[in-house]
Amino acid sequence: MLKYYLITFLVSMVPIIELRGAIPIAVGMGVPLVPAYIIAVIGNMLPVPFIYFFARKVLVWGSTKRAIGRFFRFCLEKGESGGRKLKEKAGKGLFIALLLFVGIPLPGTGAWTGTLAASMLDMGFKKSVIAVMGGVLLAGVIMGAASAGLFGAVGSVLGG
1 MLKYYLITFL VSMVPIIELR GAIPIAVGMG VPLVPAYIIA VIGNMLPVPF IYFFARKVLV
61 WGSTKRAIGR FFRFCLEKGE SGGRKLKEKA GKGLFIALLL FVGIPLPGTG AWTGTLAASM
121 LDMGFKKSVI AVMGGVLLAG VIMGAASAGL FGAVGSVLGG
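The sequence shown lines up with residues 1 to 160 when you count with our numbering.
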């Protein structure tokens, strides 16, 4: 079982997959939902301070390099674009917007993109981490419910 916990932890740290993929994978491997949730949240949050403080600097540096420049520019543009859109839509509600951006499991959203966007917006470390943490917790609840079959059960009841 320890092996499955470790897999859950590592998968939750991977960009794009994050907790959204780690919880269903863990449940599929037989990890109980509550430990899967806790491990995935911890794993998803672990890179957040590093992303906040270093990602933009690394992306700017890498964007000028021949072999990796194209990918780094894509990531930089994604973070800047996400930050701009978030700020335009949110106005003064940027904290809640960031929380929801991270928390609603859609492609291109998550702790990695949300933290990068927050750092691009100079949102402030503490505020960013709290918003991202709230979003990760929300995404974990949604993915936990989906992994437990809640949405399928509700659909069956409502659908007939």
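Any given hint could be a false lead.
Computed spacing ranges between beta-carbons, pair by pair [said to hold, decoys possible]:
#1 Pro32 <-> Ile68: 18 to 26 Å
#2 Leu33 <-> Val58: 30 to 38 Å
#3 Leu46 <-> Leu2: 28 to 36 Å
#4 Ile104 <-> Phe74: 34 to 42 Å
#5 Lys3 <-> Glu88: 38 to 46 Å
#6 Phe50 <-> Glu77: 32 to 40 Å
Pairs of lysine-lysine, DSSO-like flavour, derived with a Cα cap of 30 Å [unchecked claim]:
#7 Lys65 <-> Lys92
#8 Lys85 <-> Lys3
#9 Lys78 <-> Lys92
#10 Lys57 <-> Lys127
#11 Lys57 <-> Lys3
#12 Lys65 <-> Lys3
#13 Lys89 <-> Lys127
#14 Lys92 <-> Lys126
#15 Lys65 <-> Lys89
#16 Lys78 <-> Lys57
#17 Lys57 <-> Lys87
Think of the hints as simulated: they come from the structure by calculation, not from any bench. Where is the CB? At the ideal position from N, CA and C, for every residue including glycine.
(request) Determine whether the Cβ-Cβ distance between leucine 33 and valine 58 falls within the hinted range of 30 to 38 Å. (result) holds (35 Å)
(message) lysine 92 and lysine 126 were given as a pair; does the straight-line alpha-carbon distance stay at or below 30 Å?
(response) holds (17 Å)
(request) Would you mind confirming whether the straight-line C-alpha gap from lysine 89 to lysine 127 stays at or under 30 Å? (result) holds (18 Å)
(request) Take the C-alpha atoms of lysine 65 and lysine 3, compute the straight-line distance between them, and say whether it is at most 30 Å. (result) violated (37 Å)
(message) Need the status of pair lysine 57, lysine 127: alpha-carbon distance at most 30 Å?
(response) holds (20 Å)
(request) For the pair supplied as a hint, lysine 57 and lysine 3, confirm whether the alpha-carbon distance does not exceed 30 Å. (result) The given pair, whose Cα atoms are some 34 Å apart, is violated under the 30 Å limit.
(message) For a C-alpha distance cap of 30 Å, please report whether lysine 78 and lysine 57 respect it.
(response) The hint holds at about 15 Å.
(message) Please check whether phenylalanine 50 and glutamate 77 have a Cβ separation lying inside 32 to 40 Å.
(response) Given about 20 Å between the Cβ atoms, the range is violated.
(request) Determine whether the Cβ-Cβ distance between lysine 3 and glutamate 88 falls within the hinted range of 38 to 46 Å. (result) The hint (38 to 46 Å, Cβ to Cβ) holds, given that lysine 3 and glutamate 88 are roughly 45 Å apart.
(message) Does the beta carbon distance between leucine 46 and leucine 2 stay inside 28 to 36 Å, or does it fall outside?
(response) violated (18 Å)
(request) For the pair supplied as a hint, lysine 78 and lysine 92, confirm whether the alpha-carbon distance does not exceed 30 Å. (result) holds (22 Å)
(request) Sort out whether lysine 89 lies within 30 Å of lysine 65, counting only the CA atoms. (result) Violated, at about 33 Å.
Checked against the numbered hints given earlier, the structure breaks hints 1, 3, 4, 6, 7, 8, 11, 12, 15 and satisfies all the rest.
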